[in-house]
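Novice: Residue numbers (full-length UniProt numbering), protein chains in the order written: chain A, 1 to 329; chain B, 1 to 329; chain C, 1 to 197; chain D, 1 to 197.
If you're looking for bench data, these hints aren't it; they were derived computationally from the structure. This structure is a prediction, so every number in the text was calculated from the model and none was measured. Even glycine gets a Cβ: it sits at the ideal position worked out from N, Cα and C. Wrong hints could be hidden among the right ones.
[Stated by the list, open to error] In silico contact screen, one side only, chain D against chain B (beta carbon under 8 angstroms); selected entries: (1) N21; (2) K161; (3) S165.
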Amino acid sequence: MKKIINDPSAVVDEMVKGLVFAYDGLVEQLPDTNVVHRKADKNGKVGLVSGGGSGHEPSHAGFVGKGMLSAAVCGEVFTSPTPDQILEAIKASDEGQGVFLVIKNYSGDVMNFEMAKDLADMEDIKVEYVVVDDDIAVEDSTYTAGRRGIAGTVLVHKILGAAAEEGASLEELKALGDKVVSSLKSIGLALSPATNPEVGKPGFEIGADEIEFGVGIHGEPGYRREKLQPSASLAEELVTQLKKEFNWQSGDSFALLINGMGATPLMEQFVFTNDVHHLLQKEELDLAFKKVGDYMTSIDMEGISLTLLKIADSKWLDYLNAPVTTIAW
Amino acid sequence: MKKIINDPSAVVDEMVKGLVFAYDGLVEQLPDTNVVHRKADKNGKVGLVSGGGSGHEPSHAGFVGKGMLSAAVCGEVFTSPTPDQILEAIKASDEGQGVFLVIKNYSGDVMNFEMAKDLADMEDIKVEYVVVDDDIAVEDSTYTAGRRGIAGTVLVHKILGAAAEEGASLEELKALGDKVVSSLKSIGLALSPATNPEVGKPGFEIGADEIEFGVGIHGEPGYRREKLQPSASLAEELVTQLKKEFNWQSGDSFALLINGMGATPLMEQFVFTNDVHHLLQKEELDLAFKKVGDYMTSIDMEGISLTLLKIADSKWLDYLNAPVTTIAW
Amino acid sequence: MIKVETAKKWLDLFIEQLLENKVYLSELDTAIGDGDHGNNMARGATALKEKLAEKEYDNLTDLLKDTGMVMVSKVGGASGPLYGSAFIEMAKAAKNDEQVALADLLQAGLDGIQKRGKAAQGEKTMVDEWIPVIEDVQNNQLTTEKVDEYVEKTKPIKATKGRASYLGERSIGHIDPGAASSGLLFKTMLKAGVADE
Amino acid sequence: MIKVETAKKWLDLFIEQLLENKVYLSELDTAIGDGDHGNNMARGATALKEKLAEKEYDNLTDLLKDTGMVMVSKVGGASGPLYGSAFIEMAKAAKNDEQVALADLLQAGLDGIQKRGKAAQGEKTMVDEWIPVIEDVQNNQLTTEKVDEYVEKTKPIKATKGRASYLGERSIGHIDPGAASSGLLFKTMLKAGVADE
Ligand SMILES: Nc1ncnc2c1ncn2[C@@H]1O[C@H](COP(=O)(O)OP(=O)(O)O)[C@@H](O)[C@H]1O
Ligand SMILES: Nc1ncnc2c1ncn2[C@@H]1O[C@H](COP(=O)(O)OP(=O)(O)O)[C@@H](O)[C@H]1O
Ligand SMILES: [Mg+2]
Ligand SMILES: [Mg+2]
Ligand SMILES: [Mg+2]
Ligand SMILES: [Mg+2]
């Protein structure tokens with residue numbers, strides 16, 4: 001394992017300290033926690049909290065700030081944060097109108113955030129939440145823990161963040177969040193695995209000439225392995241999967257997010273973007289919002305994911321385009 | 001070579017098209033060139049043009065937009081762009097007050113940009129330039145091509161961009177640029193080489209347990225190889241080198257840029273940032289501006305660089321903090 | 001009645017076993033999960049060791065409750081809230097009935113796990129360890145061999161809960177890591193003599 | 001007088017050699033530069049081939065000027081402006097003096113290279129190839145062997161210009177890639193019979 005770190009078990013602590021130092025005008029660390037909380041003034045809006053295991057930087061701390069999250073809870077690498085830390089984030093984010101949680105759909109995350117909600121209830125803080133499950137690589141059946149939450153989560157942060165900033169109530173955020181999540185689908189692929197510093201070796205093995213479709217952001221297995229192929233073929237596979245799910249019509253309006261997994265350079269992300277462009281052009285979709293870069297990574301995994309959000313309400317575009325003050329949006 | 005690309009020799013073309021598609025509200029591609037030009041209104045300010053070989057994304061196209069560059073010229077991978085393309089960028093960026101060029105100090109870049117300046121002179125466009133040579137890993141003597149331009153270049157873009165937006169004249173930009181460059185120093189290290197897609201194999205070889213100090217952003221050799229060591233030791237080496245150059249006093253004011261080389265995850269960048277923080281705290285420096293992330297990469301190199309800019313004028317901080325509308329600042 | 005000293009001995013042995021089996025449990029989790037179960041439980045065990053060294057416990061409720069709180073706040077992942085809920089529910093049962101029988105205590109723990117995780121028997125989770133163990137405790141038939149047997153029996157199950165469910169058929173043939181850590185819990189329970197009281 | 005047909009043959013052969021030696025030139029550049037010299041020159045060669053196929057040239061000036069423009073606009077890197085300047089300056093010399101001698105033509109090219117790149121002899125660049133070659137042309141002594149010899153002679157030099165200068169002492173022992181591509185230029189010049197006119 002070749003990494004710029006010190007003690008592998010201290011990586012999250014040191015990373016959070018480094019981040020908060022670098023952006024101390026924007027964020028602060030809540031004492032004795034790995035919660036990154038924004039410094040923006042409180043004005044009685046609903047608090048917006050997200051988080052999860054670390055290793056997905058800039059998610060989620062990079063999206064804390066005016067117009068997006070109130071706080072992000074940074075768990076150990078690839079491990080859901082604990083309810084006590086989430087509770088601290090909720091308490092710090094409450095401005096009197098309750099707190100809304102954005103949870104990625106993993107058993108651990110859902111359980112820990114739900115426990116935190118129970119604890120917050122006992123302190124009379126109203127809490128609602130949405131569980132993001134955008135990864136269509138996973139079969140959505142009662143025989144799995146359901147679809148995973150991946151890069152699309154960042155669009156949920158953005159839309160809900162703008163709505164909260166605008167004064168949406170907890171109930172409105174819940175309705176909006178549910179609607180956005182049901183319109184959101186993503187799918188990814190990996191060229192190489194991530195190495196969790198605490199584990200010290202790659203999360204899976206893959207041939208020098210192989211890629212895997214549908215790998216999760218913690219290295220969860222995908223749905224198919226194939227030989228390496230040109231970017232245009234990779235794009236075609238992912239677009240085809242999304243098309244099956246959305247059943248779109250020509251003229252439908254979408255937001256597009258192309259996301260690097262951490263070690264895939266922007267050069268490749270933009271080449272892939274160009275291929276996606278050609279494919280979606282043929283489908284005559286209206287791509288009303290677009291973004292490309294590292295938003296929901298998997299440490300040092302090489303790979304890419306493609307997210308589409310069907311725009312059900314033009315207000316969503318305003319929310320996506322609203323200005324923010326964050327590290328990474 | 002495992003990359004998300006199509007034809008290796010078409011990488012730059014496709015990348016530029018992908019970028020311009022993704023951010024078509026912000027930038028446009030000049031016809032028959034790989035010049036990325038901003039869409040912002042022209043108001044008679046001095047144009048600001050940069051560029052160089054590709055492979056350093058988000059540099060330079062990611063910094064095109066209101067408050068920073070007017071245009072970026074994207075050469076082939078690691079190869080300086082040609083004078084005709086630079087000339088097109090100059091012509092598109094001229095708003096009547098001349099155009100200022102930010103050149104990184106490589107023989108090829110300097111010669112091509114100078115030729116473009118000669119061509120622009122013939123078209124009666126006034127052109128001035130600054131050559132950035134912030135890489136202290138290279139001995140600054142008449143026996144080399146001089147110090148290389150690396151990550152610090154992005155701070156030059158930002159400061160000059162804000163000054164130009166504010167209405168600074170070509171001469172004022174020249175004076176400011178020279179002063180900023182003489183106050184700017186960077187140094188980097190690599191854990192692994194970049195693979196230029198057109199070459200198809202890594203730019204250099206390095207052991208699984210080795211790091212190299214002072215490697216350039218095209219894989220130019222550094223000044224020393226050592227065994228892999230904790231982030232804190234790496235930070236100490238780079239800070240020590242910068243200290244020797246700056247001869248700083250406690251209380252001196254600096255801007256800090258920590259830059260990932262492309263395949264180094266933010267997790268590691270922030271751990272390293274935390275170590276740099278401790279070292280500079282001991283030196284009692286005033287870190288008046290800070291930024292961490294991928295700004296001047298070397299395709300898929302693993303590594304990091306540390307840049308310090310001595311703040312000679314508090315106006316520079318205003319320029320660094322001025323709002324911009326770009327892809328990547 | 002379960003003496004607090006015996007329960008303390010149980011937890012000390014459990015901590016010891018978790019630390020000893022850190023790599024093994026993570027390896028099990030690498031095969032069908034994300035490879036952190038051993039690290040998660042070891043992080044909890046280290047914190048619990050510190051916590052239990054801080055004070056003398058004179059009642060079962062406080063001991064179990066503190067254990068539950070440490071699990072919840074230090075383990076993280078899926079297993080943190082599950083073990084946490086188990087111990088917190090056991091603490092409640094001990095508070096409600098000072099004379100609570102071991103089987104009833106464990107049943108309260110299992111209820112906590114199932115309320116939180118919503119897994120039924122046969123989904124390849126720690127629940128598949130707890131259910132047969134509690135039955136044996138009820139019938140005074142639990143042995144170390146049986147504990148191991150139940151862990152082993154999670155192998156042929158296809159996972160439908162937790163991270164392993166993403167693997168579908170490919171989860172078959174592997175031991176469930178949470179069942180394995182629960183196996184350590186029950187073997188140390190036998191060793192400490194909790195079942196003999 | 002250099003006939004335009006002979007010069008055209010020279011350039012055709014040069015293009016062919018650049019394409020054939022693409023990998024070799026890049027390998028030389030990998031050792032002491034950034035590994036792209038072959039790709040840069042091949043990109044230029046391909047573009048030049050297209051350009052020269054477009055029209056019939058009836059004078060040396062146009063042929064050399066177009067070649068220079070293609071070099072400048074297609075090669076990039078350090079070698080683009082250098083070869084570009086060389087050919088553009090040669091075009092100017094041919095325009096000023098239709099009867100220009102080969103040595104004077106090449107000297108104009110070298111002046112272009114040195115004006116642009118500011119390298120003197122002994123800095124381990126293409127200049128170290130051009131200078132002795134021009135001298136030999138002047139004395140009617142240039143042979144293929146000598147061209148190769150001058151390329152070889154860049155090996156022991158320590159680079160003080162261009163990318164190789166970053167290597168300092170470590171640049172010693174390697175052929176300069178730009179000198180090697182210039183070697184191809186001069187060998188194809190001999191082969192085309194430009195020197196015999
Ligand atoms: N819904 C659930 N109900 C019961 N146990 C579960 C459930 N989900 C997961 N588990 C248990 O948790 C174990 C994994 O724990 P761990 O690896 O620490 O957490 P994570 O899966 O979040 O990485 C599984 O082996 C399984 O026994
Ligand atoms: N200042 C200079 N003067 C003359 N020749 C130079 C100079 N700098 C570089 N060269 C030549 O250019 C060659 C490298 O060209 P190339 O690899 O195409 O460009 P780059 O160095 O930009 O990658 C060197 O081998 C050398 O012969
Ligand atoms: Mg986990
Ligand atoms: Mg080059
Ligand atoms: Mg796990
Ligand atoms: Mg080169």
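Novice: For each hint given before, does the structure comply? Return the numbers of the non-compliant ones in rising order.
Specialist: Structure breaks hint 1 only.
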